[in-house]
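Chains A and B are the protein sequences, given in the same order. Here the first sequence is numbered in this note's numbering, starting from 12 and rising by one per residue. Here the second sequence is numbered in this note's numbering, starting from 27 and rising by one per residue.
One should not assume that every hint holds.
What the hints assert, rightly or not - Pairs of lysine-lysine, DSS-like flavour, derived with a Cα cap of 27 Å: (1) B:61 to A:208; (2) A:143 to A:114; (3) A:178 to B:57; (4) B:110 to B:123; (5) A:175 to A:211; (6) B:121 to B:110; (7) A:211 to B:61; (8) B:121 to A:175; (9) B:123 to A:211; (10) A:180 to B:79; (11) B:149 to B:164; (12) A:208 to B:53; (13) B:57 to A:180; (14) B:61 to A:178; (15) A:178 to B:53; (16) B:64 to A:180; (17) A:211 to B:57; (18) B:178 to B:151; (19) A:208 to B:64; (20) B:64 to A:202.
As the list claims (entries may be wrong) - Per the computed footprint, the stretches of chain B lying under chain A, defined by three or more beta-carbons under 8 Å from a beta-carbon of chain A, are: (21) 30-44; (22) 56-67.
Just so you know, these hints were derived from the structure itself, not from any lab. Predicted model, so just to flag it, every value in this text is computed and none were measured. Here a beta-carbon is modelled for each residue, glycine too, at the ideal position from N, C-alpha and C.
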Amino acid sequence: MYTHLRRFFTIALVAATCLFNLPARADEPTQHDTDKVAQAVNEEEHKIEHKLEEHEAKFNIGEMIMHHIADSHEWEFSHGVSIPLPVILYSADRGIEVFSASKFHNEHHEYNGYHLVHGDSEQIVPVDESRKVYDFSITKNVASMLLSALILILVFTSIAGWYKNSKGKAPKGFNSAMEVIILFIRDEVVKPNVGPKYEKYLPYLLTLFFFILINNIMGLLPGSANLTGNIAVTLTLAVLTFIIVHLNANGNYYKHLLSPPGVPAPLLLIMIPVEIVGVFMKPFSLMVRLFANITAGHIILLSLFGLIFIFQSIVIAPVISLFALFLNFIEIMVAFIQAFIFTLLSSMYIGSAIEEHGHADHGH
Amino acid sequence: MSLLTPNPGLIFWMLVVFLLVVFILAKFAWKPILKGLKDRENEIQGALDLAEKTRAEMAQLKSDNEKLIAEANAIRDQILRDAKDASDRTIAESKDKAAVEAQKIIESARETIRNEQAVAVSKIKREVATLSLEIAEKVLHRELADKASQEKLIADLASSARLN
Numbered sequence: 012m013y014t015h016l017r018r019f020f021t022i023a024l025v026a027a028t029c030l031f032n033l034p035a036r037a038d039e040p041t042q043h044d045t046d047k048v049a050q051a052v053n054e055e056e057h058k059i060e061h062k063l064e065e066h067e068a069k070f071n072i073g074e075m076i077m078h079h080i081a082d083s084h085e086w087e088f089s090h091g092v093s094i095p096l097p098v099i100l101y102s103a104d105r106g107i108e109v110f111s112a113s114k115f116h117n118e119h120h121e122y123n124g125y126h127l128v129h130g131d132s133e134q135i136v137p138v139d140e141s142r143k144v145y146d147f148s149i150t151k152n153v154a155s156m157l158l159s160a161l162i163l164i165l166v167f168t169s170i171a172g173w174y175k176n177s178k179g180k181a182p183k184g185f186n187s188a189m190e191v192i193i194l195f196i197r198d199e200v201v202k203p204n205v206g207p208k209y210e211k212y213l214p215y216l217l218t219l220f221f222f223i224l225i226n227n228i229m230g231l232l233p234g235s236a237n238l239t240g241n242i243a244v245t246l247t248l249a250v251l252t253f254i255i256v257h258l259n260a261n262g263n264y265y266k267h268l269l270s271p272p273g274v275p276a277p278l279l280l281i282m283i284p285v286e287i288v289g290v291f292m293k294p295f296s297l298m299v300r301l302f303a304n305i306t307a308g309h310i311i312l313l314s315l316f317g318l319i320f321i322f323q324s325i326v327i328a329p330v331i332s333l334f335a336l337f338l339n340f341i342e343i344m345v346a347f348i349q350a351f352i353f354t355l356l357s358s359m360y361i362g363s364a365i366e367e368h369g370h371a372d373h374g375h
Numbered sequence: 027m028s029l030l031t032p033n034p035g036l037i038f039w040m041l042v043v044f045l046l047v048v049f050i051l052a053k054f055a056w057k058p059i060l061k062g063l064k065d066r067e068n069e070i071q072g073a074l075d076l077a078e079k080t081r082a083e084m085a086q087l088k089s090d091n092e093k094l095i096a097e098a099n100a101i102r103d104q105i106l107r108d109a110k111d112a113s114d115r116t117i118a119e120s121k122d123k124a125a126v127e128a129q130k131i132i133e134s135a136r137e138t139i140r141n142e143q144a145v146a147v148s149k150i151k152r153e154v155a156t157l158s159l160e161i162a163e164k165v166l167h168r169e170l171a172d173k174a175s176q177e178k179l180i181a182d183l184a185s186s187a188r189l190n
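Next up, chain A with everything else stripped away, as it sits in the complex (with noise of 0.2 Å):
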């Protein structure tokens, strides 16, 4: 994909930069000979050239938005404004060892036997490569899913707080806000969809909604973490989804899986495969999409910035700011979206697996 983008660029460089030489090229006289205009013609690509290059050398979008998609091992806010985070490796040699990430700040990012390598995403590894060693950094996505989950914990405790001190009393101000979409959840997301004993699985679902939603938004912030449009993150979501499902399903939902009912016995040898093939399928849709969406979201954000940065011009950057703005809308209604995405199919896969009288929800 990078290098589509690459090329893409590219080309659009090439048309744009013919375009702004058109007029130049309308003043020449028209009865030098074909000699010279094709002389021209080789001078004006040499320059197109050129300044290609130049541009290659100055601006890198691709590497621009990988920089911004992947994790790191510092929190840069704008270039050069960063704040080192702490990192924390293990291997069995050493044993834990923690240090700040400003410790490669130097020539050959290298430090106490570390390197960091800059690739498409930062990586540290041991100078001596016979070493194993695991990277438990407080990276930026870290760093900015401990900052979202104290807020997640500030906002709802308080929250919580007002319904202990103020019982009877009417909700006001933030308090009806967040209680309009805790009952939304619970009323048109898992209530309906898991089922009657949907209580049990209410905070872990609610959790889901915010933490999603939260991180959503906070990625969209400038300088901020792409944790939602992490695969480990949206990973972990779709795993713990997983294991909550295939811990509570009833028999029925085994006994689905392995003999569907009005199934043929030959077709059997087909279903059940495709049956647990399902069941995989369900956690990983849910962790793809979220990835998916979110990155996608920041790459076409970026790459619109990052047009900006190409053409340099006066004329096209407002038209690209705008367009940027609309897409940011989009992006904040994205972040709604598929956090209530994520939440109403977890809450379909749970119910169709404690399902009492069964037939579990196929097709997802």
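Knowing the structure of chain A, use the given hints to seat chain B on it.
Here is chain B on its own, set in the frame of chain A:
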């Protein structure tokens, strides 16, 4: 492709932080919030139920009152009717009684009149006899003095007696 390879360190932190958030929120946030919401819903439902019950009671009371009023009216009408009947009866009775009494009085008056008449007649008879005797006596007396005048007297007496 680093975008698609999950980082184990991040998975670890994600698991730890997310589970912590779930447990903390479940214990300190969702439990009181959901309880508060449920309590409020129950309260509202209770209030609505109470209002419904009160309304039903009011309707019941109203219909009871109407029944009572209707009963009272019926009783009043009955009493009035009875009273009227009683008074009518009394009036009729006293009328009959009065008529009978009057008849009796009239009867007794007639009796008395008849008795008085009989007494008067017998008295008159007696008087007439006495008068006749006296007249006879006087006639006898005059016979002694004048024959002519005697006869005239007799004629007069006889005529006057006839007038009686």
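Hint by hint, here is what the structure shows:
1. Taking the CA atoms of residue 61 of chain B and residue 208 of chain A, the gap is near 16 Å; set against the 27 Å cutoff, the hint holds.
2. Restraint check: the Cα-Cα separation between residue 143 of chain A and residue 114 of chain A comes to about 20 Å, which is no more than 27 Å; the hinted pair holds.
3. This hinted pair checks out: residue 178 of chain A and residue 57 of chain B have alpha carbons roughly 14 Å apart, not beyond 27 Å.
4. Taking the CA atoms of residue 110 of chain B and residue 123 of chain B, the gap is near 20 Å; set against the 27 Å cutoff, the hint holds.
5. Proximity of residue 175 of chain A to residue 211 of chain A is assessed by CA-CA distance (about 21 Å); at most 27 Å being required, the pair is judged to hold.
6. The suggested pairing of residue 121 of chain B with residue 110 of chain B holds, with an alpha-carbon distance near 16 Å, which does not exceed 27 Å.
7. Taking the CA atoms of residue 211 of chain A and residue 61 of chain B, the gap is near 13 Å; set against the 27 Å cutoff, the hint holds.
8. This hinted pair does not check out: residue 121 of chain B and residue 175 of chain A have alpha carbons roughly 90 Å apart, beyond 27 Å.
9. The straight-line distance between the Cα atoms of residue 123 of chain B and residue 211 of chain A is roughly 97 Å, outside the 27 Å bound, and the hint therefore fails.
10. Restraint check for residue 180 of chain A and residue 79 of chain B: the C-alpha separation of about 24 Å stays at or below 27 Å, so the hint holds.
11. With a CA separation close to 22 Å, the supplied pair residue 149 of chain B and residue 164 of chain B stays within the 27 Å bound.
12. For the proposed pair residue 208 of chain A and residue 53 of chain B, the alpha carbon gap of about 19 Å is at most 27 Å, so the pair holds.
13. As the CA atoms of residue 57 of chain B and residue 180 of chain A are separated by approximately 18 Å, the hinted pair is consistent with the 27 Å bound.
14. A threshold of 27 Å between alpha carbons decides the hint, and for residue 61 of chain B with residue 178 of chain A the separation of about 11 Å falls inside it, so the pair holds.
15. In summary, the hint linking residue 178 of chain A to residue 53 of chain B is supported, as the alpha carbons are separated by about 19 Å, within the 27 Å threshold.
16. Of the pairs offered as hints, the one joining residue 64 of chain B and residue 180 of chain A holds, with about 13 Å between alpha carbons and a cut-off of 27 Å not exceeded.
17. Of the supplied pair hints, the one linking residue 211 of chain A and residue 57 of chain B holds, its CA atoms being roughly 11 Å apart against a limit of 27 Å.
18. Between the alpha carbons of residue 178 of chain B and residue 151 of chain B the distance comes to roughly 26 Å, so the proposed pair stays at or under 27 Å and holds.
19. Pair hint residue 208 of chain A plus residue 64 of chain B holds up; C-alpha atoms about 15 Å apart against a cutoff of 27 Å.
20. Under the criterion of a C-alpha separation no larger than 27 Å, the hint pairing residue 64 of chain B with residue 202 of chain A is consistent with the structure, at around 14 Å.
21. With a threshold of 8 Å between beta carbons, the proposed coverage of the segment 30-44 of chain B by chain A holds, since 14 of its residues qualify and at least three are required.
22. Beta-carbon proximity to chain A at under 8 Å applies to 10 residues in the segment 56-67 of chain B; the threshold of 3 is reached and the given coverage holds.
Taken one by one, the earlier hints fail for this structure at numbers 8, 9, listed in ascending order.
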